[in-house]
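A.B. asks: Next come the chains, spelled out residue by residue.
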Amino acid sequence: MKQLLRLRVNGETKEVAAETSKTLLEVLREDLGLTGTKHGCELGECGTCTVLINGAPLLSCLMLGVEAEGVEIVTVEGLMQGSQPHPLQQAFADLGATQCGYCIPGILLTAKALLDKNPSPTREEIREALSGNLCRCTGYSKILDAVERAAREVGVL
Amino acid sequence: MRKSGFSVIGKPLPKIDAMAKCTGETRYANDIELPRMLYGKLLRSPHPHARIRSVTTGRAARLEGVFAVITGQDLPEKFGILPATQDEEALAVEKVRYAGDPVAAVAASNEVIAEKALELIDVEYEILKPILSIEQALAETAESNRIHSWNRRANVQKAVSFEFGDVEPSFQKAEQIFEDAFFYQGNTHLPMEQYCALASYGPADKLTVWSSTQTPHYLHRALSKVLGLPMSRIRVIATPVGGGFGGKSDPFSHELCVAKLAMITGRPVKITLTREESFYVHRGRHPVKMWVRTGVKNDGTLQAMHFKSFLDGGGYSSYGLATVYYTGALQTVTYKLPAYKFEGVRVFTNKPPCGPKRGHGTPQPRFAVEVHLDKIAEKLGIDPLDLRLKQLVEPNTVTVNGLRISTTGLRECIEKVAARAQWKKKFRQLPFGRGIGFAASAYISGAGLPIYWNEMPHSGVQIRLDRGGGITVFCGSIDIGQGSDSILAYAVAEEFGVDPADIRIVTADTDLTPVDLGSYSSRVTVMTGNAALQACRKLKEILFQIASEALEVPADDLEMAEGQVRSRSYPKRGISFAACVEKAESKFGTLGATGSYRPPRHPANYKGSGVGPTPAYSYSAAIVELRCDSVTGEIKVDKVWIGHDCGRAFNPLLVEGQTEGSVYMALGEVLMEEQVFRKSGLHKYPSILEYKSPTTLETPEIETILVETDDPEGPFGAKEAGQGPLLPVIPAVVNAVYDAVGVRIDEIPITPDKILRALEGRLKPVSIPSFDFPPPIKWQPGQGVQVEQKS
Numbered sequence: 001m002k003q004l005l006r007l008r009v010n011g012e013t014k015e016v017a018a019e020t021s022k023t024l025l026e027v028l029r030e031d032l033g034l035t036g037t038k039h040g041c042e043l044g045e046c047g048t049c050t051v052l053i054n055g056a057p058l059l060s061c062l063m064l065g066v067e068a069e070g071v072e073i074v075t076v077e078g079l080m081q082g083s084q085p086h087p088l089q090q091a092f093a094d095l096g097a098t099q100c101g102y103c104i105p106g107i108l109l110t111a112k113a114l115l116d117k118n119p120s121p122t123r124e125e126i127r128e129a130l131s132g133n134l135c136r137c138t139g140y141s142k143i144l145d146a147v148e149r150a151a152r153e154v155g156v157l
Numbered sequence: 158m159r160k161s162g163f164s165v166i167g168k169p170l171p172k173i174d175a176m177a178k179c180t181g182e183t184r185y186a187n188d189i190e191l192p193r194m195l196y197g198k199l200l201r202s203p204h205p206h207a208r209i210r211s212v213t214t215g216r217a218a219r220l221e222g223v224f225a226v227i228t229g230q231d232l233p234e235k236f237g238i239l240p241a242t243q244d245e246e247a248l249a250v251e252k253v254r255y256a257g258d259p260v261a262a263v264a265a266s267n268e269v270i271a272e273k274a275l276e277l278i279d280v281e282y283e284i285l286k287p288i289l290s291i292e293q294a295l296a297e298t299a300e301s302n303r304i305h306s307w308n309r310r311a312n313v314q315k316a317v318s319f320e321f322g323d324v325e326p327s328f329q330k331a332e333q334i335f336e337d338a339f340f341y342q343g344n345t346h347l348p349m350e351q352y353c354a355l356a357s358y359g360p361a362d363k364l365t366v367w368s369s370t371q372t373p374h375y376l377h378r379a380l381s382k383v384l385g386l387p388m389s390r391i392r393v394i395a396t397p398v399g400g401g402f403g404g405k406s407d408p409f410s411h412e413l414c415v416a417k418l419a420m421i422t423g424r425p426v427k428i429t430l431t432r433e434e435s436f437y438v439h440r441g442r443h444p445v446k447m448w449v450r451t452g453v454k455n456d457g458t459l460q461a462m463h464f465k466s467f468l469d470g471g472g473y474s475s476y477g478l479a480t481v482y483y484t485g486a487l488q489t490v491t492y493k494l495p496a497y498k499f500e501g502v503r504v505f506t507n508k509p510p511c512g513p514k515r516g517h518g519t520p521q522p523r524f525a526v527e528v529h530l531d532k533i534a535e536k537l538g539i540d541p542l543d544l545r546l547k548q549l550v551e552p553n554t555v556t557v558n559g560l561r562i563s564t565t566g567l568r569e570c571i572e573k574v575a576a577r578a579q580w581k582k583k584f585r586q587l588p589f590g591r592g593i594g595f596a597a598s599a600y601i602s603g604a605g606l607p608i609y610w611n612e613m614p615h616s617g618v619q620i621r622l623d624r625g626g627g628i629t630v631f632c633g634s635i636d637i638g639q640g641s642d643s644i645l646a647y648a649v650a651e652e653f654g655v656d657p658a659d660i661r662i663v664t665a666d667t668d669l670t671p672v673d674l675g676s677y678s679s680r681v682t683v684m685t686g687n688a689a690l691q692a693c694r695k696l697k698e699i700l701f702q703i704a705s706e707a708l709e710v711p712a713d714d715l716e717m718a719e720g721q722v723r724s725r726s727y728p729k730r731g732i733s734f735a736a737c738v739e740k741a742e743s744k745f746g747t748l749g750a751t752g753s754y755r756p757p758r759h760p761a762n763y764k765g766s767g768v769g770p771t772p773a774y775s776y777s778a779a780i781v782e783l784r785c786d787s788v789t790g791e792i793k794v795d796k797v798w799i800g801h802d803c804g805r806a807f808n809p810l811l812v813e814g815q816t817e818g819s820v821y822m823a824l825g826e827v828l829m830e831e832q833v834f835r836k837s838g839l840h841k842y843p844s845i846l847e848y849k850s851p852t853t854l855e856t857p858e859i860e861t862i863l864v865e866t867d868d869p870e871g872p873f874g875a876k877e878a879g880q881g882p883l884l885p886v887i888p889a890v891v892n893a894v895y896d897a898v899g900v901r902i903d904e905i906p907i908t909p910d911k912i913l914r915a916l917e918g919r920l921k922p923v924s925i926p927s928f929d930f931p932p933p934i935k936w937q938p939g940q941g942v943q944v945e946q947k948s
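Residue numbers (my numbering), protein chains in the order written: chain A, 1 to 157; chain B, 158 to 948.
Hints were generated in silico from the structure; no laboratory data involved. Please read these numbers as outputs of a predicted model, since none were measured by experiment. Beta carbons: idealized from backbone N, C-alpha and C, even for Gly. Among these hints, one or two may not hold up.
Unchecked claim - Under 8 Å between C-beta atoms, here's a sample of chain B residues computed to sit facing chain A:
1) 176
2) 638
3) 820
4) 846
5) 937
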């Protein structure tokens with residue numbers, strides 16, 4: 001059965017009729033066309049579908065769309081500041097932190113939540129924060145480097 | 158080939174698609190939605206081995222929202238990646254050969270209805286005895302217990318045997334002989350993106366298939382064969398691959414079924430596999446048992462080696478014919494080996510089929526050889542680095558099995574990692590519980606022979622120039638994250654003296670792009686790069702002719718740099734690239750050129766010599782430092798130093814990324830990842846939670862040292878980087894565990910329980926099955942074809 005949902009996504013209110021059984025991941029991708037958020041396992045094991053809910057990283061595959069009313073949702077599409085990339089996006093691109101790129105939206109959002117809370121994390125704190133996001137391509141090295149660089153830049157801004 | 162003065166090559170530029178991947182704009186297969194699209198699902202066998210008595214689909218077909226149900230009878234034509242072993246069916250016709258083998262497919266309005274429809278399909282199975290191990294496969298010789306009927310010996314897919322050089326006399330000359338047995342457990346690719354394909358048919362009887370595939374060209378062939386459509390009516394578009402590692406290199410059931418379902422329903426159809434299904438589709442690392450015997454002089458000089466491998470292939474052939482050869486081919490390309498005997502066999506078992514995973518058939522023997530050499534060095538009282546350094550293969554030589562070595566930077570790789578890791582200070586000197594280990598390896602930069610043996614190019618590139626100075630590069634290659642799109646842009650930008658951002662890349666679309674065989678065997682940089690350079694040079698000849706006339710400068714004094722075509726002697730004398738193109742277009746008409754690449758001939762000419770040759774071998778050396786807790790058996794890797802001879806780094810960021818990713822994947826394989834099955838034939842760990850892979854917390858700091866050797870076969874001197882650096886890390890960890898706690902673990906992965914059993918003296922040695930290999934093919938070095946060396 002469908003229900004009319006009123007969702008706050010990337011600073012915009014969206015009304016959408018969606019199946020009540022759909023996860024937030026499915027509502028975002030299938031009903032709102034925000035395909036930047038990716039499926040990885042649908043079981044909360046890989047971190048690929050991470051979005052920000054009121055600033056905290058949460059797995060959109062473990063949350064129903066109907067549970068997401070009345071919260072602020074940020075997806076990877078909401079990271080750009082106008083036409084300017086977020087320092088995390090710029091650092092990931094510049095330092096070769098993306099290979100296949102499939103895990104990157106979830107990692108960027110997890111990293112953003114970390115930097116919002118802790119603007120100058122140590123490398124160990126970054127490791128800890130990203131430990132729920134699997135990446136099979138990079139060996140994580142360049143991802144850690146990119147978060148460190150973005151942290152330095154965010155600190156300056 | 159130019160070796161210096163580059164403007165693009167060697168620079169740490171961002172990948173051309175990097176920002177799209179950081180904004181969510183990159184469209185992977187599952188991100189594509191087409192109007193009127195239906196969703197497909199596959200019904201998979203719950204039994205590992207069974208005869209299909211009947212499949213009844215009436216109830217499913219009548220369910221509201223179901224538009225088509227198909228079974229094996231609808232797609233009976235067999236297919237497979239290798240032309241010699243086409244033993245797969247899109248949907249099983251008579252038998253299922255592993256739990257997970259698809260038997261029916263449905264297309265419905267949505268996935269929920271499609272799943273309900275699967276429950277309404279009745280399959281009557283006659284359960285057969287499953288074969289679940291190498292030993293059992295070799296023991297089940299009765300015709301009644303065959304998994305396939307096409308192969309000669311029951312459950313043996315392929316057995317090979319070779320003798321290179323004078324094996325027995327060389328063993329006679331040896332002063333000491335050592336023997337070891339090893340087992341390398343299977344594991345899977347686990348790309349973050351699940352498999353996904355879409356198809357659309359019509360209106361002009363043309364089929365379009367989008368798929369997350371590493372090999373659109375081979376999918377094109379398989380679709381044509383199974384659907385009975387000419388290739389000219391089929392368009393395959395490979396979408397950006399969200400991780401492949403070899404796992405998306407076969408044509409798959411879901412790709413054939415979406416096409417058939419789209420043809421039946423007249424509507425687009427998409428199938429996305431679940432994570433659990435991805436574990437059963439597999440095609441990953443083969444479990445391999447290995448036995449090795451080596452004769453050496455007292456100073457450690459290798460005299461002869463005899464190597465046997467036993468591969469657990471799973472239910473179908475996949476790439477297995479090549480894999481069995483790869484478990485024997487590259488033992489000879491690191492250290493001088495005067496005589497070598499190799500025997501290998503791949504068996505069928507009722508498990509998901511194994512195939513190529515990063516390193517394809519070579520990580521298993523490399524693990525065995527490098528641990529074996531570590532043991533030999535210790536018994537002879539020689540430092541294991543010194544043992545290798547005294548007998549490294551030389552450049553411009555041919556190995557005992559006929560493999561041509563162009564360049565090797567292995568010495569430099571070893572010396573540099575040893576210096577950075579302070580090897581001499583640490584080896585056998587760290588306190589109990591801490592250890593350091595070393596290993597080295599080599600890998601191919603692309604297979605020397607294509608999968609379909611023909612005279613056509615392995616890679617083609619077409620370049621179009623337009624009057625605004627725009628450059629569009631068309632190539633069949635598919636970016637799987639390694640950066641193959643960027644490689645094309647860098648090569649062309651370097652040649653034309655423009656910014657890579659000014660170049661448009663169109664790839665992996667069989668309607669638009671010349672064939673490239675695919676993103677496998679670490680072939681893409683060398684082959685597409687060379688093809689791109691050839692196309693560039695054809696266009697440069699025209700542009701230089703025009704510029705020479707316009708500038709009154711001899712053509713051989715012209716260069717392209719900083720967006721100009723200009724005199725080398727008087728750089729101020731030049732015209733812009735765009736103006737030069739405009740003049741050329743005025744004179745010659747529309748400007749375009751093609752380039753293609755085929756690897757050089759290889760020297761050996763014996764049957765089976767097609768696996769192993771390559772334009773150029775990459776070399777790697779690794780040192781691993783770790784802690785091993787003798788109470789819990791836990792291993793914590795502190796640091797990995799990896800030296801990799803990549804020929805020339807097109808872009809150091811990308812090469813480091815490939816190297817670090819390889820190190821990471823190796824650590825997963827050696828420490829935790831296991832593709833293992835229950836007696837029921839079901840996977841033990843078919844989820845990301847249970848199938849352990851390294852997170853940020855288990856992945857150590859990695860120090861990457863790139864060694865450049867300027868290989869004459871590679872574009873700008875480049876060799877591969879995507880697979881080779883995985884190889885030495887696995888044995889280096891095993892050797893470091895021995896250095897830490899004094900126990901040899903001859904089985905991968907090294908889990909804590911194995912360490913504890915070994916420390917308590919309860920770890921059983923690896924057992925090796927007995928098997929009558931065929932009589933060997935004998936070959937002597939020098940018997941082959943003379944091949945010219947480039948300089």
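A.B. asks: Any CB of chain A closer than 8 Å to the CB of residue 820(B)?
C.D. replies: Holds, because the Cβ-Cβ distance from residue 820(B) to chain A comes to roughly 6 Å (cut-off 8 Å).
A.B. asks: Does residue 638(B) hold up as a contact with chain A if the rule is Cβ-Cβ below 8 Å?
C.D. replies: It holds, given that the least Cβ distance between residue 638(B) and chain A is near 3 Å, below 8 Å.
A.B. asks: How about residue 846(B): closest beta carbon in chain A under 8 Å, or not?
C.D. replies: holds, 4 Å
A.B. asks: Report holds or violated for the interface hint on residue 176(B), using the least CB-CB distance to chain A and a cut-off of 8 Å.
C.D. replies: holds, 5 Å
A.B. asks: Minimum Cβ distance from residue 937(B) to chain A below 8 Å?
C.D. replies: violated, 43 Å
Of the hints listed earlier, the one the structure fails to meet is number 5.
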